[in-house]
Structures are given as structure tokens and as C-alpha cells.
Amino acid sequence: MNRGLVLRLESLMQLRGACRQLRALSCSKVWGAQWKPVQASAHPLGSVLLRPQLWQKHRLIGVALAPCRDLATKEETKKKKKKVPLTRGEVEIRQKMTIEELARAMGKDIDHIYEALLYTDVNLDSLEPDSVLYEDHIKMIVQKSGMKYKSAKLKEEKERKNTDAYLWHPCCPCRPPADPAVLTPRPPVVTILGHVDHGKTTLLDSLRKTQVASMEAGGITQHIGAFLVHMPSGEKITFLDTPGHAAFSAMRARGTNVTDIVILVVAAEDGVMEQTIESIQHAKNAGVPLILAINKCDKPEADPERVKKELLAHDVVCEEFGGDVQAVNISALKGENLMVLAEATVALAEMLELKADATGLVEGTVIESRKDRGKGPLTTAIIQRGTLRKGCVLVAGKTWAKVRFMFDENGKAVDAAPPGIPVEIMGWKDVPSAGDEILEVESEQRAHEVIDWRTYVEQQEKLKKDMEVIEAKQKEHRLQYKQQQQQLAHLTWRQRKAVLYKANKHLLFQRPKDRREIPEDTLSVIVKGDVDGSVEAILNILDSYDCEDECKLDIVHFGMGDISENDLSLAEAFNGVIYGFSVKANDSIKKLADKKGIKIKLHNIIYKLIDDLKEELNSRLPPAVVETTIGEASVLDTFSVTVGKNKVPVAGCRVHKGLLDRKMKFKLIRSGDVIWKGSLSSLKHHKDDAQVIKAGMDCGLSLDRNLEFHIGDDIICYQETEVQQTTSWDPGF
Numbered sequence: 001m002n003r004g005l006v007l008r009l010e011s012l013m014q015l016r017g018a019c020r021q022l023r024a025l026s027c028s029k030v031w032g033a034q035w036k037p038v039q040a041s042a043h044p045l046g047s048v049l050l051r052p053q054l055w056q057k058h059r060l061i062g063v064a065l066a067p068c069r070d071l072a073t074k075e076e077t078k079k080k081k082k083k084v085p086l087t088r089g090e091v092e093i094r095q096k097m098t099i100e101e102l103a104r105a106m107g108k109d110i111d112h113i114y115e116a117l118l119y120t121d122v123n124l125d126s127l128e129p130d131s132v133l134y135e136d137h138i139k140m141i142v143q144k145s146g147m148k149y150k151s152a153k154l155k156e157e158k159e160r161k162n163t164d165a166y167l168w169h170p171c172c173p174c175r176p177p178a179d180p181a182v183l184t185p186r187p188p189v190v191t192i193l194g195h196v197d198h199g200k201t202t203l204l205d206s207l208r209k210t211q212v213a214s215m216e217a218g219g220i221t222q223h224i225g226a227f228l229v230h231m232p233s234g235e236k237i238t239f240l241d242t243p244g245h246a247a248f249s250a251m252r253a254r255g256t257n258v259t260d261i262v263i264l265v266v267a268a269e270d271g272v273m274e275q276t277i278e279s280i281q282h283a284k285n286a287g288v289p290l291i292l293a294i295n296k297c298d299k300p301e302a303d304p305e306r307v308k309k310e311l312l313a314h315d316v317v318c319e320e321f322g323g324d325v326q327a328v329n330i331s332a333l334k335g336e337n338l339m340v341l342a343e344a345t346v347a348l349a350e351m352l353e354l355k356a357d358a359t360g361l362v363e364g365t366v367i368e369s370r371k372d373r374g375k376g377p378l379t380t381a382i383i384q385r386g387t388l389r390k391g392c393v394l395v396a397g398k399t400w401a402k403v404r405f406m407f408d409e410n411g412k413a414v415d416a417a418p419p420g421i422p423v424e425i426m427g428w429k430d431v432p433s434a435g436d437e438i439l440e441v442e443s444e445q446r447a448h449e450v451i452d453w454r455t456y457v458e459q460q461e462k463l464k465k466d467m468e469v470i471e472a473k474q475k476e477h478r479l480q481y482k483q484q485q486q487q488l489a490h491l492t493w494r495q496r497k498a499v500l501y502k503a504n505k506h507l508l509f510q511r512p513k514d515r516r517e518i519p520e521d522t523l524s525v526i527v528k529g530d531v532d533g534s535v536e537a538i539l540n541i542l543d544s545y546d547c548e549d550e551c552k553l554d555i556v557h558f559g560m561g562d563i564s565e566n567d568l569s570l571a572e573a574f575n576g577v578i579y580g581f582s583v584k585a586n587d588s589i590k591k592l593a594d595k596k597g598i599k600i601k602l603h604n605i606i607y608k609l610i611d612d613l614k615e616e617l618n619s620r621l622p623p624a625v626v627e628t629t630i631g632e633a634s635v636l637d638t639f640s641v642t643v644g645k646n647k648v649p650v651a652g653c654r655v656h657k658g659l660l661d662r663k664m665k666f667k668l669i670r671s672g673d674v675i676w677k678g679s680l681s682s683l684k685h686h687k688d689d690a691q692v693i694k695a696g697m698d699c700g701l702s703l704d705r706n707l708e709f710h711i712g713d714d715i716i717c718y719q720e721t722e723v724q725q726t727t728s729w730d731p732g733f
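Taking full-length UniProt numbering as reference, the numbering of the sequence shown is continuous, increasing by one, and the terminal residue is 733.
Keep in mind the hints are simulated off the structure, nothing from the lab.
Virtual Cβ for every residue (Gly too), placed ideally from N, Cα, C.
One thing to keep in mind: the hints can contain errors.
[To be verified] Beta-carbon label-pair distances, calculated as ranges: (1) Ile277 with Arg94: 55 to 65 Å; (2) Leu352 with Asn575: 52 to 62 Å; (3) Val340 with Lys465: 49 to 59 Å; (4) Lys299 with Asn410: 28 to 38 Å; (5) Glu572 with Arg404: 34 to 44 Å; (6) Phe321 with Ile277: 15 to 25 Å; (7) Thr98 with Ala313: 53 to 63 Å; (8) Ser671 with Asp704: 21 to 31 Å; (9) Lys657 with Asp637: 12 to 22 Å; (10) Gln445 with Val182: 26 to 36 Å; (11) Val674 with Ile277: 26 to 36 Å; (12) Lys465 with Asn162: 19 to 29 Å; (13) Lys614 with Met339: 39 to 49 Å; (14) His686 with Lys657: 44 to 54 Å.
Given only the sequences and the hints, what does the whole structure look like? Please build it.
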């Protein structure tokens, strides 16, 4: 046989043996692990087959390694899935891109986008990095930058599933209505309403045998207090003590929304007052029955009958007048007839047949919330369904809690809180707002779903409002731009663009954040309070501020808790004043504030805080110049004298009131109009210079300016003094 043919056959035999061994390895479980090289001949083909990095370099591999094709196919598939990069100079755009997003997509800085917008009708003053651009503006910017745009593929947004939690809702079948068979009696929730200083807290003190009123700043309630009172008969009543001050209207409304019965406290000597009428309206709006407690009946000037008659005008008809409102004459201070009032409350509660489901998931309402330095966010809540225990997972508003501890109104830890019981809850991740609904959920994961959904809904609503504002501003600016274009209609397209660019070029160097300046007539305030309700009340008062033309009031920040370094930083940045209500500022904060020249004003009484705020507003107002009349004279004759080469008009006058002092200012009045204001150049009595001319004396005078006098003109001598202005804002109390 030919020797060359024999060598080829031997090579093929060796190759076949090597392939068998490789197939065996490919079928084993350890394929891909380290393996020892197969002892084949030293033929170059054998070494190629036994070195995986050289497989793809040989034509025979496609046949020899058939079992490994699926591995190669996966690698090829991964390569195919790799995103094809955009062509250089091509920008992927989409609708509603912000300036920041477009700059990132183009690989440019934000200033480049601003410069390109100079050629458009966009108002640069209203733009921020997160401002949304119209699609035609986006395309124009890309083209002006010498780039091409490519529309991004629109992703079909699936409608997001509603994962909220509800009291009862078709979307939340896990919380069905309570079964009547499992309902059990619960304590009534009674809200005490009435005008400020009519004795509401003193009444509650007498029922609880405590001294809450003596501890309150200014003797007025400034929070909602929730208390459980044990009656001698064994009955339990949950009382809510609401503020009677005008500033706390929202708290009173919140109290009536969670209550079963309202006790309206009216002082026998004062009668029906402003907050009394408001309290009646709150009770009517909530559909809650009333019990009338006429307090301070021990005073000599007390007139309970007058109170009952005054209430008739507000549709509060007592039983003795044929109505259904029980009236009890009491003295909260001396404890007279308190048991009669309690029995009337228990009797009305029995008629209402108040029951609740103590099983299942917990439901309740946040009455008050605050931050405690040691315990963190705390809420006072009324449980309305279920029994709250440690470890329960709750959601309220946009925050959630895993209950760590619970406390009663005396600060004593409790293990469980059934319906109708007030309790302070510890374990919140953040402070919920007063009035928020509390719902128990199955797990922390479920709580996160609820919070995520509520945050998403709020963001969507905010985005919708922002877009409406942006579109309104852009529409107004487009109209102005259209008018401007009409004025430039005689120019060519390029000339118009050049004129527009030059007109707006100065705005390029004023970035939006740099354009924010705080005017001198602006008072920036930071409000800190001990509880959410107090902050809410202060903000409601500040919302009534209506004197922006005098001094602008800007609320930079508000929150709960003691004064912090962050508050000082904000006050320093905005040249503001920090107002604290029932909070503290430690020594280090005070020293830092003194060093930076920041005012910290702490108060425990709300109307004193507002008075202090008004004083600060007054200090920001420019002083007013007040004219005080010193003397009056009438022009009886006119003549002129020659001084050098000039003739100077002189008025012969008689002083009929006060005196004329040459050092003071004067004004000339003709037919009721002020003709001139200034100083006198001369004042003479007969021929002698005079400093002062008294009433009844004649004089001659000339002005610091050549002005003709008329007989009958009035000369007024006056003094200007600067007086501090006061704000005309009336907060209502």
C-alpha cells in the first residue's frame, strides 16, 4: 500500500479513539470540571481535540463533538440577546422626558439643554432639571446638537393592581363586615366639647380624680386627651377631651368623627359662645347625640335657664322644652352632680346599643401622634374593631408599625386593647397623621404592599397636578411667544431665531437654583410641635395669613419633635425664625443658634406663639413716616424782593394755629392740594430774621424754590417721625 495512505488511516483511527473518550466525558455529570488529558498519540489532531480552547479552530469539531452542540447553542443565544448599542450620534427619546433625563441620554450637561432651549418658546425662568419637556422640543434640541433621535419602543404599561387595605371593600375581601353573632358590648366613646375656659378639662379631672387642668399651659387644653374612666357602677367610659380654643377647630372635628356621644359644656355665666356654636355644628355633621352639661352653676351670676334658651336658636332643644337633649346642671370644680351626668351618659349609651367585634383584624383611628426621644413615633388611638396585641402589624396613612408596646393614659404598659379603649401605640416606622385610619394587615410584606400602593397613588396625583400647572404656564408663555413672533413677522426665519436667542441669552447664566433670592420683606418660618395636631392647628392659623402685600410669610419646614441641627441649617439658609410649640432646644442647639444668629422662639401657649409671630412680621415691615402738624398759617399778601439779580417771591402770612419753626419742614396747600414740600429759605418778623413765629403773629417767608404764592394759600409747618408699622393680619383670636 502507499505509505502516505497508511499514515492517513492511522491518523483517522487515533482520531476515532479520541472522539470516543470525549463523548464519554460529555455525557458524564462532571462535564466542565477539571479533567485529565486523554493519552492519545502525539499527532497534532489528537492534541487539538484535547484542548477545548482550540476546538473552534478545527473543521472536524462539528462532527466529532455532536453531543455538545446544545451548549454552544445557548452561548450563541445569549450573544443574540445582547442589546444592540445605539449608533453614534443617535439619541433614544420618549415622551415626557425631563431636562435631566434628556441630558443624560445625549451625554451632555444640563447647561447644554438650557442653551438649546433659547431657540424655543419655552420660558427658562420656570424650568428646573426635573421639568418635563414636550416631544417637539426634545426633537429640536437633539437636532440642534447635531444628533439624530430614535423613538424608544413604547412599553405597554399594565394597569397596576390595587393592593390597598380597606375597612371593607370589594378589592379587600379579607376584611368582611362584622358578624352580628360575635358582637359584644363596648365602652362608649364620649367627646367633651365647648368654648375655651368653660371647664371641660376640670370636668374630666373630677371624673378621673386627677389634676390635668393644673398642668396645662395657660390653663387651656391644646391636645386631644383620650382617657378611660371607671364609674362606681362598674361601667367604663372613654372620654376625649378636645381643645376649646379657636385655633383647634380641626381637632374638635376629628374628635366628633370617632365619638358616640358628645357632652357639650357651657358655662352658666357666659352662655353660648363662638366655639360652642362650632361644637354644635361638628356634632350635627357627625350625626352624634348631645348631652348638655351646664357648668359653673355654683357661681352667683350663673343662669342655666338663659343657656337653655340661647341654645334653642341653634336647634339644641332640651327635654323640658319638648326636645331629646338631656341637660344637667353641674359644678366641675366642686364635683356637684357629676354622677348624674355620668348616669345620663351610660343611659344614652345603653339606648344606642354600642357593640363591636373583638375578633379578627384590628381597625381604629389615630387621635393624636407625636415623637418621643426615647420611644420614637407614638400614636394615641381608639380601637374600633378587633383586639390590639403586641406583634400586630398595622398600617396608617403612608406608614406602618409592628406593635412593640402599648400604654394606657397613665403610661402603664398594657398587653391588649379591645374595642372602645384608648391606647398609645409604640413601634411606628414614621409618624402618621392625626385622623388616619388604622388597619391591621396579615404580615410586614402586606404592609409594604399597602404603603407602596398609597405612595404610588399620591405620586400619580401629584404628577397629574404638576402637569396641569406646567401646561397652563406653557400655554400662557406660548401665547406671549406667538405675539412676539407676530412682531418679528417681517424677518426671515434665521433672523427671528437670532433675535430670540439674543433676547434670552442672559437667562442662560442664571441657573434656576441661583435665581432664588429671599426678599427682605419675607419672613421664613420653621414650625416644630410636640404632636401632629398642634402643628396642624398652627399651620391652619398661618393659612389664614392674607397680608402678602405687606410682608410675605413663607413656611419653609414643619414637623414634630425638639429643635434639631437640621432646623438650624434650614433657618440659616432661608434667614428664617424657628418657632417651637411645647418642644425643647438643648444647650448645644441654643449655643449653635446664637453663634449663627438664628432666632429660636419656644412657647407653650398657642396664642402667645401667634402674638410673637405677629411681632416678628411687624419688625419686617418698613417704618411708616407720620407727619405731625406743628403750626398753620395763611397767606394774606404776596410780594417779591430782589436778592442779587434774582427776584424772590415772598408771602406775608399770619399764624393762626401753633407755631412756625424754621428748622422744621413746610408744605404749601392750595385748594386742598399739596403744591410743594420742603424747607424755608427765610423767615422774618417785620424786618428781623426769626427762628420761631407764634400764633397770632405776622411774618414774611420765602421757600427754598421759586414758587408763586396766591392769597389764601395755607402754609403748614410739620415734623416727620418714623413709626413702626403693624401687620393688618387678624388670625381670629
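Tested hints:
1. Judged by the Cβ atoms, the range 55 to 65 Å given for Ile277 and Arg94 holds: they are separated by roughly 57 Å.
2. Evaluation of the 52 to 62 Å hint for Leu352 and Asn575 yields a pass: the beta carbon distance comes to about 56 Å.
3. Separated by about 54 Å at the C-beta atoms, Val340 and Lys465 satisfy the suggested range of 49 to 59 Å.
4. Between Lys299 and Asn410 the beta carbons are some 32 Å apart, a value that agrees with the proposed interval 28 to 38 Å.
5. Remark: the range hint 34 to 44 Å for Glu572 to Arg404 is upheld by a beta-carbon distance near 36 Å.
6. Roughly 18 Å separates the CB atoms of Phe321 and Ile277, a value that falls within the hinted 15 to 25 Å.
7. Restraint check, Thr98 to Ala313: a C-beta distance of roughly 58 Å satisfies the suggested window 53 to 63 Å.
8. The beta-carbon spacing between Ser671 and Asp704, approximately 22 Å, falls within the hinted interval of 21 to 31 Å.
9. The supplied range of 12 to 22 Å is met by Lys657 and Asp637, whose beta-carbon atoms lie about 19 Å from each other.
10. Look at Gln445 against Val182: about 28 Å separates their beta carbons, and that is inside 26 to 36 Å.
11. With their beta carbons about 50 Å apart, Val674 and Ile277 fall outside the hinted range of 26 to 36 Å.
12. Checked against the hint of 19 to 29 Å, the pair Lys465 and Asn162 passes, with Cβ atoms roughly 21 Å apart.
13. Checked against the hint of 39 to 49 Å, the pair Lys614 and Met339 passes, with Cβ atoms roughly 45 Å apart.
14. Taking 44 to 54 Å as the suggested C-beta distance range, the pair His686 and Lys657 does not conform, at roughly 21 Å.
The structure does not agree with the numbered hints 11 and 14 stated previously, though it agrees with the rest.
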